[in-house]
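Please build the complete structure, drawing on both the sequences and the hints.
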Amino acid sequence: MNRQRLKAKLIKYFLQSCGSLSIIIVLLIFLFLFKEAIPFIGSPGITELFHNVWNPVSFQKEEFGIVPLITGSIVVTLLAIIIAVPFGIIGAVYISEIASPKEREFLKPFIEILAGIPSVVLGFFGLVVVSPLIKDVFQLNSGLNALTGSVLLALMAIPTIMSISEDAIKSVPSVYKEASLALGASKLETIWKVVVPAALSGIVASVMLGMGRVVGETMAVMMVTGNSPVISFNPFSSVRTMTATIAAEMGEVTIGSNHYMALFWVGIVLMLMTFGLNLISYRVLKKYGLSEK
Amino acid sequence: MVDIQADSKVKVHVENMNFYYGPVQALFDINLDIPEKKVTALIGPSGCGKSTFLRTLNRMNDIIDGTRIEGKVMIDDKDIYDPMTDVVELRKKVGMIFQKSNPFPKSIFDNIAYGPRIHGVKDKNKLMDIVESCLIKSALWDEVKDRLEKNAMGLSGGQQQRLCIARALAINPDVVLMDEPASALDPKSTLKIEDLINELKKDYTIIIVTHNMQQAGRVSDHTAFFYEGRLIEFGATEQIFTKPNQKQTEDYITGRFG
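So the protein lines, in turn, are chains A and B.
Going by the numbering used here, the residue at position 282 of the first sequence is 282; the numbering climbs one at a time, nothing skipped.
Going by the numbering used here, the residue at position 110 of the second sequence is 110; the numbering climbs one at a time, nothing skipped.
What the hints contain is simulated information worked out from the structure, not anything from laboratory work.
The beta carbon of each residue, even a glycine, is placed where N, CA and C say it ideally should be.
Certain hints may be false.
[To be verified] Under the rule of at most 30 Å between Cα atoms (straight-line distance), these lysine-lysine pairs were calculated in the DSS-like manner:
| no. | chain 1 | residue 1 | chain 2 | residue 2 |
| --- | --- | --- | --- | --- |
| 1 | A | Lys177 | B | Lys126 |
| 2 | B | Lys100 | A | Lys286 |
| 3 | B | Lys192 | A | Lys170 |
| 4 | B | Lys100 | A | Lys177 |
| 5 | A | Lys193 | B | Lys106 |
| 6 | A | Lys177 | B | Lys150 |
| 7 | B | Lys122 | A | Lys193 |
| 8 | A | Lys177 | B | Lys247 |
| 9 | A | Lys187 | B | Lys106 |
| 10 | A | Lys193 | B | Lys9 |
| 11 | B | Lys37 | A | Lys177 |
| 12 | A | Lys187 | B | Lys126 |
| 13 | A | Lys187 | B | Lys192 |
| 14 | B | Lys137 | A | Lys187 |
| 15 | B | Lys78 | A | Lys177 |
| 16 | B | Lys145 | A | Lys193 |
| 17 | A | Lys193 | B | Lys124 |
| 18 | B | Lys106 | A | Lys287 |
| 19 | A | Lys193 | B | Lys137 |
| 20 | A | Lys177 | B | Lys192 |
[To be verified] Label-pair distances were calculated between CB atoms; the ranges are:
| no. | chain 1 | residue 1 | chain 2 | residue 2 | range |
| --- | --- | --- | --- | --- | --- |
| 21 | A | Ile11 | B | Tyr20 | 57 to 67 Å |
| 22 | B | Ile136 | A | Pro173 | 25 to 35 Å |
| 23 | A | Ile25 | B | Pro187 | 55 to 65 Å |
| 24 | B | Asn16 | A | Lys108 | 37 to 47 Å |
| 25 | A | Ile90 | B | Pro23 | 48 to 58 Å |
Put into structure tokens, the structure is as follows:
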């Protein structure tokens, strides 16, 4: 009798711990990040991070200003979203409202395949195809710049935006469409003036999630953005993102050094940014009763 | 097939109409003349084809894949299924109210202005005039005039349905189709909708599908009884309700089935 109950309890605890694993891991990661980063506040001082130069390995003066890295990430992310949003939303509209069932069944697997391409493979594609193309089209000295990175990141964001927007568009009640058509609106007018506005919250959330994915992406941007930490909002300038900085420098840094701690601060900023984006999209989705699949 | 009072003109003329959902025939050889500026009720048990028939009149069935129609549907002596017919023009002329009120999740003003806007009215004052006059016609003006910018989803069910009527009137139709417009409403709101129908028939030809026999009796001038996809009987409402010619009509009216 008692053994039975004990067993049931143990099983319950086991299941509970599996269920809460993700929370524990997130907390541990935060804790670990801060533990490694905190001594930086004492020396060389937290204000060092707000400087405009990132030059962590130098015989004269080490500089740990993460501003150029943040602007690099922001430029690349915003450009990527500007490219991805029209394709993602128009694609979602096409798949959910215009395509025949056959076309839909043909298209949807390709979106999933696009979502599943490893980013390093996209990086190759970027180096070999996109970068020379952008160099030629805009007549630049180098094709390794923010724009090239953005194009690759847009390819990664499009599947996210498309599939979640499609869900949102599909969940618009068909009575709205009927009402609009019955008032003499054409199919396109109905889509742009009734269906898309009604699905807007889901579409906004899809863009936020796409942005979250783009901000955190590392490999592809590291391969094609040229990696120079300058503060510039010019899409043809070479930039360096936060993610690429961590990935490139973490392997060679002395553990416990100022450089090491500065990289952890970069990680914290990055994590807060993606956390914020996820939080916003979660709020928006929840508020309108949609959920991410 | 039934003589309509000489004083009113035929607005909708249906001749030998058959309708199919894919391989399933839903309407069989319908012949019917609907008079102008009167209320015509379509009654019959669920699945008898009355809603399908209603939706053939503004070609709303077109949006369902695999439907097919044979025969003639003439509105103002024009065949609405002629390949040259502009569906947008047709739907401007033949408005529709649905069973479940379906205002857009926009403001009250934008709901009513939607139709006029897509048909090219841009002038703010003109839109305001349309919105006001349609809300007055649909007996909603006094209730909402102070909150035209508020979202229409905040209105009560009965108000939403009257808003949908106002929205349909805003494109200035000749014919208004109503698919059980009061079936989801409480008795008080239903009464308001019925009063409204009585008011509207001065200017519009109204065709209403209803499950509610008393409602058909109260609001309509003519009644058509459908059964299993066929038009069984059509005539003055009083005659249909007091001395129907067909046994099936009588059985249905007296509540023996349906």
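Cross-check of the supplied hints:
no.	hint	result
1	Lys177(A) x Lys126(B)	holds (26 Å)
2	Lys100(B) x Lys286(A)	holds (26 Å)
3	Lys192(B) x Lys170(A)	violated (35 Å)
4	Lys100(B) x Lys177(A)	holds (13 Å)
5	Lys193(A) x Lys106(B)	holds (10 Å)
6	Lys177(A) x Lys150(B)	holds (21 Å)
7	Lys122(B) x Lys193(A)	holds (15 Å)
8	Lys177(A) x Lys247(B)	violated (41 Å)
9	Lys187(A) x Lys106(B)	holds (19 Å)
10	Lys193(A) x Lys9(B)	violated (38 Å)
11	Lys37(B) x Lys177(A)	holds (28 Å)
12	Lys187(A) x Lys126(B)	holds (26 Å)
13	Lys187(A) x Lys192(B)	violated (33 Å)
14	Lys137(B) x Lys187(A)	holds (29 Å)
15	Lys78(B) x Lys177(A)	holds (27 Å)
16	Lys145(B) x Lys193(A)	holds (24 Å)
17	Lys193(A) x Lys124(B)	holds (18 Å)
18	Lys106(B) x Lys287(A)	holds (17 Å)
19	Lys193(A) x Lys137(B)	holds (26 Å)
20	Lys177(A) x Lys192(B)	holds (26 Å)
21	Ile11(A) x Tyr20(B): 57 to 67 Å	holds (58 Å)
22	Ile136(B) x Pro173(A): 25 to 35 Å	holds (29 Å)
23	Ile25(A) x Pro187(B): 55 to 65 Å	holds (59 Å)
24	Asn16(B) x Lys108(A): 37 to 47 Å	holds (44 Å)
25	Ile90(A) x Pro23(B): 48 to 58 Å	violated (36 Å)
Hint compliance for this structure: hints 3, 8, 10, 13, 25 are not met, and every other hint is.
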